[in-house]
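S.K.: Position chain H against the provided structure of chain D, taking the given hints into account.
Spelled out from the first residue to the last, the chains are:
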Amino acid sequence: MIETKLPFDQQYVRSFSEGRGEPDWLLHVRLQALAQAEQLPLPKPDKTKIDRWNFTQFSTHLVESAPLSSLEELPEEVKVLIDIDEEQKNVYVQRDHTCAYVSLADELKEKGVIFTDLATAVREHSELVQKYFMDGVKVNEHRLAALHAALVNGGMFVYVPKHVQVNVPLQAVYVHEKAEALFNHVIIVADVGSKVTYVENYISTCERSEAIVNIIAEVFALDDAQVFFGAVDSLAKGTTTYVNRRGITGRHARIEWALGLMNDGNTISENVTRLIGDGSFGDTKTVVVSRGEQVQNFTTSVIHYGKHTEGYILKHGVVKDEATSIFNGIGKIEHGASKSNAEQESRVLMLSPKGRGDANPILLIDEDDVTAGHAASVGRVDPTQLYYLMSRGISKTEAERLIIHGFLAPVVNEIPIERVKKQLIEVIERKVK
Amino acid sequence: MATLTIKDLHVAIDGKEILKGVNLEIKGGEFHAIMGPNGTGKSTLSAAIMGHPKYEVTKGSITLDGQDVLEMEVDERARAGLFLAMQYPSEISGVTNADFLRSAINARRGEGNEISLMKFIRQLDEKMAFLEMNPDMAHRYLNEGFSGGEKKRNEILQLMMLQPKIAILDEIDSGLDIDALKVVAKGVNEMRSSDFGCLIITHYQRLLNYITPDYVHVMMQGRIVKSGGPELAQRLEAEGYDWIKKELGIEDEVVEQEA
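Same order as they appear, the protein sequences are chains D and H. Mapping to UniProt numbering: the first sequence position 135 is 135, numbers consecutive. Mapping to UniProt numbering: the second sequence position 127 is 127, numbers consecutive.
Calculated from the structure, these hints are not laboratory results. A few of these clues could be false.
As the list claims (entries may be wrong) - In silico BS3-like links for lysine-lysine, alpha-carbon gap of 25 Å or less:
| hint | chain 1 | residue 1 | chain 2 | residue 2 |
| --- | --- | --- | --- | --- |
| 1 | D | Lys49 | D | Lys354 |
| 2 | D | Lys422 | H | Lys119 |
| 3 | H | Lys54 | D | Lys396 |
Stated by the list, open to error - Okay, the calculated bits of chain D under chain H, using three or more residues with CB under 8 Å as the criterion:
| hint | region |
| --- | --- |
| 4 | 387-397 |
| 5 | 400-411 |
As the list claims (entries may be wrong) - Counterexamples of contact, computed for chain D against chain H with all Cβ distances above 12 Å:
| hint | residue |
| --- | --- |
| 6 | Asp9 |
| 7 | Leu31 |
| 8 | Ile50 |
| 9 | Thr60 |
| 10 | Ser65 |
| 11 | Lys89 |
| 12 | Cys99 |
| 13 | Asp106 |
| 14 | Asp117 |
| 15 | Asn140 |
| 16 | Val164 |
| 17 | Glu334 |
| 18 | Arg419 |
Just so you know, even glycine gets a beta-carbon here, dropped at the ideal spot from N, CA and C.
Next up, chain D with everything else stripped away, as it sits in the complex (with noise of 0.2 Å):
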């Protein structure tokens, strides 16, 4: 039997909160999603049962980092993701829940960005914060929702004022070395007319780490405004993650997501884009490497509420070993989202016969006037693409490794930082070997 009890009580929650000098805001959504907490049920993702996994019980809420004095003082695995040498950098780096580095271009402060630590901004920034934290994924939505609001220990917060187009990425580097349980919260807000890049990685500095690491993070598109959020998640065997990924669009917004997913321990990711304003679009692109004995399902939700949205889903997952990856699409226009459009498409290359994969496209319509389509499939590596490769000199092994690489392609040749880039291919090059 699991244990139910939640490890944490109000009295720890109120210290916390008033240690780090949090707003009365901040410390009543969270007393009051601890209360929640005990009592929502634990979310319900398609065809994995996660009533045994262990999102709850933890002994330490909080380690402490010393911020970096440089970069320099990065771990090597780190240190390659980020460009040490340009001076005006605009790059977040956490160590567990602390911000070791954070540095934004000054042309981006003049005019106004945000782009800070979460600690920080609920401190600076209190009544911006709080308009947006815990709106676009709800307290009541499930237990592993309420807890986190409850226990938020880590996190970042970017603004971009009406009309500014930040035209480099924004980097964030969340480095997991000793944390037992990572709360963190991002969130993103492109007010009206506005366009930020976005490009997160999640890396564990030890092979094997039993901790929970519970993210959500909620991206606001406001009207006319345009998101491109990239994430390569690489945490290590023995972690067991939560991520909740989740954009709104307002009018004629777009919000654009590349995931590699590259996790070695145990996942349910959810990644939700809700296109609320008319003419609104949103991109999912997501792969995903499995292998061991992890389990991972991966549900991506496109929900259409405005008229004359666009939506589209692209999931590509390789399964290796005895691994399991269940792919969850959903496409789901409502009623009144007239002239909508729902695309989806989910591929699953199985490379080894113990492993399980599942691609579930699902669609769900409640309006006359739209488009829908859907393409799904679980197979193994085409033999004639092999004969075709191998009949031009190249080794079976070299062969299959070409074709792996095309099949993630969709995903890193968004991912807009180079260095980035190449970490995903080097994780995707380790994890398929």
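M.R.: Using the frame of chain D, we list chain H on its own:
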């Protein structure tokens, strides 16, 4: 000078015998054409030489300079110097034409002897210009969304980049308009040298107006039934195959399914 020797080759697919004793020798410097009606085993011969996994050699031998080709994996055959321009090239998403070609070249050259990026790009640009290909095609995914003509041109680009000893062109002319056909022929003719032998499989004489073969063979019912010079192709174009059937007393029979 390379020599590909095929002796008494019998090939079956799904248990059905398609080739019933093919004998053929192709030397460096020689262009051979194999003609014949549809479904007589021409494509089976090319697939068996390259080692397509669905084709089973039940009898006979294929050697390249004395080396047993049938003992080699598909990739080893390619590295030994064989090349097959395919009738239906595969599309491979996410792998650019340029990356694929570089992998193929480096596979031949071996580790530690990889082609330099500059040299590769120079060669690629040069060959693509020669074949009047849009430079964008280097960065497009391998054959993905290529038209029929673009795919064939891309096969010839690979041929020119990889410089094999012996190439088999399996219906490289099918689905090409006359301009594309001329470009493809130009590429093949450019390869002509004493180090390069070629087997051209076609059922139209048309291609042979642009690539002049030294030898023409007619294939029927899984065997080569007649061989001659370029004049044989012209006679086939003018008179069809019936006179050969009559001469040899062959009844119509299809031995190969169209792929």
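S.K.: Flag every earlier hint the structure violates by its number, smallest first.
M.R.: Nothing - there is no hint that the structure violates, so all of them hold.
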